[in-house]
Every structure is written in C-alpha cells, then in structure tokens.
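Chemist: Heads up: the sequence lines are chains S and W, in that order. Start counting the first sequence at 1; every next residue gets the next number (our numbering). Start counting the second sequence at 1; every next residue gets the next number (our numbering).
Be careful, since some hints might not be right.
Incomplete in silico selection of chain W near chain S, CB under 10 Å [claimed, not checked]: (1) I84; (2) K94; (3) T100; (4) Y255.
Sample of chain S residues with no beta-carbon within 12 Å of chain W, all distances over it, derived [as the list claims (entries may be wrong)]: (5) E54; (6) K58; (7) Q95; (8) Q196; (9) I212; (10) G299; (11) K339; (12) L413.
Think of the hints as simulated: they come from the structure by calculation, not from any bench. Just so we're clear, the structure is a prediction, and the values are computed from it rather than from any experiment. Backbone N, C-alpha and C define an ideal beta-carbon position, used for all residues, glycine too.
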Amino acid sequence: MSDEGDKSGEGERMVLKMLTGSQAVAWAARLARVDYIPAYPITPQTEIIEILSEWVRKGEMDATFMQVESEHSLLTAAGTAAATGARVFTATSSQGLLYGFEMLYSIAGWRAPLVLVNVARALAAPITLEPDHNDVLAARDSGFLHFYAENVQEALDLVLLAYRVAEDHRVLLPAIVNIDGFHLSFTRERVDLPEQDAVDEFLPEYKPVNPIRASKPVAKGIPVLIPPLYSFFKYQMHMASRNALSVFREAAKEFEKTFSRDYAPVEEYMMDDADTVVVMSNSFASAGKYAVSVLRGEGYKVGLFKIRLFRPFPTDDVIKSLRGKRCVLVIDQNISVGKGGIICPEIAEALYHLEDRPKVILPVIVGLGGKSISLEEFRHAVSVAERLASLGARPDGPLLLFREDEAILVESLLKIASGG
Amino acid sequence: MSITKYKTLKDVPREEFLVSGTSLCAGCGALLVIRLFHKALGDNVVWVNAAGCVTLMATFPYTPLKSSWFYTAMGSAPAGAQGIRDALDILIKKGKIDPTENLKVVVVTGDGAASDIGLQSTSGAIHRNLDFFYLCVDNEAYGNTGFQASSSSPIGSGTTTTRPTHLYPMGNFLPKKDLFEIWRSHRPPYVATISPSHVVDMFRKVEKSLNFKGPKLFLALSPCPTGWGAEVSESVKLARLAVETGIWPLKEAVYGEVTHTYIPPKRRPVEDYLKVQRRFAHLFKPVKNEGAIAEIQKQVDEYWSKVVH
Chain S
1 MSDEGDKSGE GERMVLKMLT GSQAVAWAAR LARVDYIPAY PITPQTEIIE ILSEWVRKGE
61 MDATFMQVES EHSLLTAAGT AAATGARVFT ATSSQGLLYG FEMLYSIAGW RAPLVLVNVA
121 RALAAPITLE PDHNDVLAAR DSGFLHFYAE NVQEALDLVL LAYRVAEDHR VLLPAIVNID
181 GFHLSFTRER VDLPEQDAVD EFLPEYKPVN PIRASKPVAK GIPVLIPPLY SFFKYQMHMA
241 SRNALSVFRE AAKEFEKTFS RDYAPVEEYM MDDADTVVVM SNSFASAGKY AVSVLRGEGY
301 KVGLFKIRLF RPFPTDDVIK SLRGKRCVLV IDQNISVGKG GIICPEIAEA LYHLEDRPKV
361 ILPVIVGLGG KSISLEEFRH AVSVAERLAS LGARPDGPLL LFREDEAILV ESLLKIASGG
Chain W
1 MSITKYKTLK DVPREEFLVS GTSLCAGCGA LLVIRLFHKA LGDNVVWVNA AGCVTLMATF
61 PYTPLKSSWF YTAMGSAPAG AQGIRDALDI LIKKGKIDPT ENLKVVVVTG DGAASDIGLQ
121 STSGAIHRNL DFFYLCVDNE AYGNTGFQAS SSSPIGSGTT TTRPTHLYPM GNFLPKKDLF
181 EIWRSHRPPY VATISPSHVV DMFRKVEKSL NFKGPKLFLA LSPCPTGWGA EVSESVKLAR
241 LAVETGIWPL KEAVYGEVTH TYIPPKRRPV EDYLKVQRRF AHLFKPVKNE GAIAEIQKQV
301 DEYWSKVVH
C-alpha cells in the first residue's frame with residue numbers, strides 16, 4: 001500500500017512514507033484510534049473506506065467498520081454513535097454529502113464531535129468526478145468546523161487536529177476536513193507519519209458529554225417548540241464554534257511541540273511586502289504559490305493568503321494579513337449561481353470597516369469541476385485587479401476565468417454534440 | 001407458543017415507563033401501544049424516533065419517558081439505531097463503559113416513515129442483522145401533518161390528500177403497502193403484527209422476541225381519533241373491530257415462517273368497522289357504495305382463504 005521510508009531522527013517520533021491523500025487520512029483515522037467507521041462508497045472518496053475496511057478486517061485496527069446503504073444513513077449512524085460516546089470517522093464526497101445533507105445540521109445540533117473527510121468533487125448537473133468546492137461549501141452553515149488541506153501532510157495532520165478541537169468541551173462540534181478529489185486524494189507525496197504513542201499523547205480519549213447510558217436516561221434531539229429556545233441553542237453553537245479559534249491555536253501549539261509542524265488558521269506566502277494578495281484555499285493553493293513566485297520574478301509585488309480553517313471564520317487573521325494591501329483577489333473555486341464566489345463576500349465583510357481596507361477586492365471564479373488554473377490566468381487576474389486599483393474603478397461582477405485553448409476545445413465538443 | 005408469563009390482562013406489569021401528560025391527542029392509539037410495549041420490554045431502553053406524531057411526546061424540557069429518547073430524522077431512525085447499537089457494543093467491548101450501561105435499542109416511527117421515506121433505511125438495518133426492535137405505530141396516514149395519505153393508507157379511506165370527490169369516489173384508490181411482508185422477505189428473526197386491543201397477544205410476542213438477536217419488528221395498528229374520525233373513547237374498540245373483521249390479522253413470523261396468533265372464530269363483516277369511521281363515511285353517504293365495500297370485503301376474504309387453520 002505504501003513504501004516504508006527511513007526512520008527520521010529518534011526525537012521526531014515519525015516515519016517517512018509516500019502516501020496518497022486517501023491513505024493519509026485513513027492513517028490519521030487509524031492513529032486517532034477511532035472506534036467506529038460508518039461507510040458508503042462514492043468516487044473519489046472510496047479508497048479511504050477500502051483501506052480502513054481492510055485494516056479492520058485484518059485486525060490491524062480495533063474499530064467497527066459498518067457499510068450502510070446510503071450517505072443519509074451513514075451520517076445518521078455516525079452522529080448517533082458519536083452522541084453515544086464512540087470516536088467516529090467517516091468520509092464522503094459531493095453528491096454523497098448532499099444526499100446526507102439533512103443530517104449535517106442534526107449532527108452539529110446534537111453536538112456530536114465526529115470527523116468527516118470530504119473528498120471534494122463538483123456537483124451534478126452536469127455530473128463530473130473532478131473537484132471544486134461547491135460540495136463542501138454547501139455545508140458551510142451547518143455548524144461543522146471546516147478544515148481545508150492543501151497537501152497530503154496537511155490532510156493527515158488536520159484530521160488529528162480536527163479530533164482534538166472538535167472533542168474539546170469548549171467546542172463539541174463535528175468537523176469536516178476537506179481534501180480535493182484526485183489532486184490530493186490520489187496524489188502521492190512524502191509524508192511524515194506520526195508514531196502511535198505520540199498521537200496518543202496529543203489526542204486524549206474522547207470524553208462524551210451526556211452520552212446515552214442505562215444509568216442516566218437522556219432525551220436527545222427533541223423538539224424545542226418555544227422559539228427563543230431554538231435561538232438560544234443556535235447561539236450556543238455559534239459561540240462554541242468561535243471558541244474553536246483559540247482551541248485550535250492551543251491544539252496547534254501542542255501539535256507543533258510534538259510533531260514540529262506549525263499550523264495556524266491561515267497561512268501567508270510571500271506576503272511581507274506584497275501590494276496584491278491572492279486569497280485561496282485547498283490544494284489549488286499550491287498552484288497559486290507557484291504562480292506567485294513566478295510573478296514575483298516578473299516584478300509583481302504579489303503574495304498569497306491561504307485559508308486553512310474556514311469555520312470558524314478566522315476574521316482577525318484576515319484583517320491582520322489583508323489590511324493595508326492595495327488589491328485582494330479572492331479565488332473562489334465554487335460558484336453561487338447568480339452571485340459569484342462564496343468566500344469573497346466573507347473576506348470583503350471582514351475588511352469593510354477598516355480605514356485601510358484594500359482599494360480593490362476582486363472576486364475571481366476559476367477551477368470549477370477541476371478546470372486547471374494556469375499561470376496566465378493568475379497573471380491576468382492580478383493585472384486586472386491592479387488596473388482597477390490604479391483607475392480607482394470597481395469590479396464589474398466576478399471575473400470568470402476561461403482560457404482560449406479551453407474555449408477552442410469546448411467549441412469543438414459542442415460541435416460534435418450538435419451533430420457535426 | 002412457548003411458555004409465557006402472560007396468561008391474562010392481570011399479568012401485565014403495573015410499572016409504568018411512559019407517564020401521563022404528553023402533548024399527544026386524547027385517545028391516541030400509538031401512545032397506548034407505546035405504553036404497553038414498553039411494559040413488555042422492561043427497562044434499559046433507548047427509543048430512536050423518526051419524525052411523526054410520536055416525536056411530540058418529548059418536547060424540551062420535558063420527556064414522559066423514564067427511558068432514553070433520541071429523535072433522529074424522518075428517513076433514518078433505523079440508521080440512528082445502528083449508530084447507537086454499534087457504539088454501545090464497541091464501548092463495552094473495549095471496556096470503556098460497564099456492560100450494565102447497555103440498552104435495548106428500539107426504533108419507533110409512524111407508518112409514513114416506516115413504509116415510505118424510511119423504508120430504505122429499514123431494509124438496510126434488517127439486512128445488516130442489526131440487533132434492535134422496530135415498533136411501527138400504524139395509523140394509516142401522515143397524522144402529525146394533518147392526516148395525508150401514506151402508502152400505508154387503506155384503499156377506500158379519505159385523507160386530506162385523497163379526499164373523496166365525484167371524480168374519486170373511493171377517496172384513496174391505492175392499496176395499503178404490506179409492510180409485514182416487506183419486512184418478512186428479509187427473513188429477520190422476528191416480525192409481528194400487534195393491536196392495542198389484544199394486549200396479552202402483544203405481551204407474548206414481545207416476550208418471545210426478546211429471545212432473538214437481530215431485527216425484531218412490530219407493526220401495531222394505532223387508531224387515530226382525529227384522522228379516522230371516531231370518538232376518543234373508541235380507539236380500543238376500533239382496534240378490536242379491525243381484528244374481528246379480519247382487516248388486521250394478528251400474526252408473527254419467526255425467520256420468515258408465519259403463524260397467525262389469533263384467528264377470529266367468525267369474522268364480522270368489514271362494514272361494521274368501516275361505517276363507524278369518518279374516513280370511510282363517503283362509502284356510505286349520500287349513497288352506499290356497495291361495490292367498494294364488497295371489494296374491501298373480498299380482499300379480506302381472499303387473505304383469510306389462504307390462511308392455514
């Protein structure tokens with residue numbers, strides 16, 4: 001399954017391996033000693049549950065693997081198991097996430113802290129297998145914490161961090177860790193695989209609050225027919241989610257001590273003297289970093305700002321990093337049809353009240369359904385933003401990127417579809 | 001039948017697990033069934049509920065149950081039971097909780113959840129041989145939303161989405177889905193129909209089912225005074241009429257083998273049952289629909305003609 005690598009130094013407490021994103025998150029679930037894995041296949045998530053199923057069947061993992069008959073049942077079983085006190089891991093993608101969508105809000109409302117890996121895949125119709133973020137962002141308002149991984153190492157580490165934050169009694173909310181389909185799920189990278197005892201130290205046993213027990217009957221998930229009660233419980237969830245910001249920082253500090261990798265809710269790349277900042281998330285941020293480094297060489301004073309923790313939204317980090325910048329481009333790999341990107345308005349809102357807010361906040365849509373983002377497109381978007389800033393003009397709607405070579409390809413396919 | 005501790009009504013335990021004061025309707029057949037069913041099950045129970053009338057039994061901050069309750073969603077209570085059962089099993093196995101903390105996991109849903117939106121989830125749970133109880137309180141329509149037709153509504157019944165009109169004189173023209181047979185086709189250890197009018201029969205069935213590991217499914221006729229259009233004091237009487245007319249056969253299936261636990265010595269005409277309910281009033285007024293009543297009678301007779309005495 002994966003190549004055993006060299007043991008890096010004794011103090012490091014980890015092993016080097018070549019792993020795909022799917023393998024890495026499966027390893028994270030194994031190292032987290034999860035009790036329960038409800039599962040249902042869907043491309044491109046399936047490899048994760050295949051691996052976990054095999055480990056459980058070989059006795060390498062002391063967990064119950066339960067293949068159910070749909071994602072709706074998957075999420076229901078995951079949620080009730082977590083509410084009963086089991087540490088639960090599950091994974092899905094795209095249509096599957098939407099099929100079980102109802103339960104996302106329920107699980108969050110039950111305050112059941114499980115971890116769900118979403119392997120991003122664009123939503124039908126038209127049906128495709130390639131990634132964008134409309135699937136995971138549909139779950140934006142559910143109450144789940146959202147962790148977005150850029151590379152395979154981050155995918156593994158964020159699952160471990162997600163358990164630690166989700167299960168903290170100041171939080172008690174479920175978490176989604178997003179990895180992009182294909183680009184991360186099936187890409188092999190070198191990974192520092194933590195040792196079990198180090199993970200055990202970092203991640204204590206899950207202590208459920210008011211679980212279902214014979215000795216202490218409880219009523220869970222029951223109706224609140226008095227409207228202020230509903231508001232009260234939703235506000236509690238919101239405050240718990242906001243708590244997750246500082247809990248994440250604490251956990252990240254511990255994580256850094258144990259594993260020597262440092263994770264903040266956001267990441268800055270070549271930002272120090274940047275006038276123009278590209279905002280991105282997930283695996284395509286690597287392409288963004290490459291573009292930024294090339295554009296730097298061409299004289300653009302450009303940097304990249306990556307969102308790693310999307311819920312709770314790291315407003316203070318956004319302000320700290322983006323205030324005083326001349327241009328901000330928000331690359332949304334999603335589309336709210338009839339409006340534009342989903343993340344851009346959140347960045348704009350965070351910056352609005354500042355005197356030194358950017359002159360231009362340019363919404364950019366690109367990378368839908370796995371469409372690549374070329375260097376030319378980054379260059380074009382940056383130059384559009386900078387031109388708007390120098391003209392003192394405002395963007396005329398989101399910039400929908402599409403290359404000439406892509407247009408030619410699409411033309412030719414449309415011609416075939418229309419019969420010649 | 002094997003040796004039972006339930007011979008007469010006097011053998012029904014006095015201990016209550018479901019106390020009075022719920023917000024369900026007066027005369028609710030489902031509430032009576034749940035109260036009795038719980039006595040038969042005993043303590044250490046967690047109920048897993050799908051959206052329906054019964055969901056309103058526990059509303060914050062109250063619960064009428066001495067046992068635990070978990071409302072999940074309309075379509076997936078059996079999957080909710082799966083998560084709880086599996087979690088309890090693994091936590092006990094790993095020594096994280098004491099075996100005395102174990103619970104019987106019992107799904108309770110209406111017929112809409114059981115026959116329509118939750119059927120896939122139920123089929124999955126039975127197929128996986130989940131060790132749970134499923135109690136479907138069948139009032140033959142979506143009662144909680146105001147009595148719309150479900151696939152469990154009987155032919156000829158009027159509901160708020162199958163109102164009888166001159167174009168649709170039967171009201172509901174679709175047959176009642178045979179949930180007992182759907183469940184039985186999965187060959188679970190135990191399936192039974194029960195009625196709040198035949199309490200000893202119900203207790204014996206629950207008692208017997210406790211010996212099986214795996215799915216134990218109960219379909220309970222649950223008269224609904226508001227939806228059926230009957231006096232609140234008549235619920236048990238209506239349930240008895242359903243049994244005595246042969247409309248609601250009392251039976252069980254152990255690993256698929258069917259036995260009728262009560263065979264009405266002389267079946268009363270279905271008309272006796274139909275004419276006392278508002279939901280069938282259009283079959284009698286303004287003109288008696290002899291054809292429709294005869295058709296319902298014929299279906300019942302055909303059913304019993306195949307029952308081996």
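Chemist: Let me make sure I understand: some of the numbered hints might not hold for this structure. Which ones are they, in numerical order?
Modeler: 4, 9
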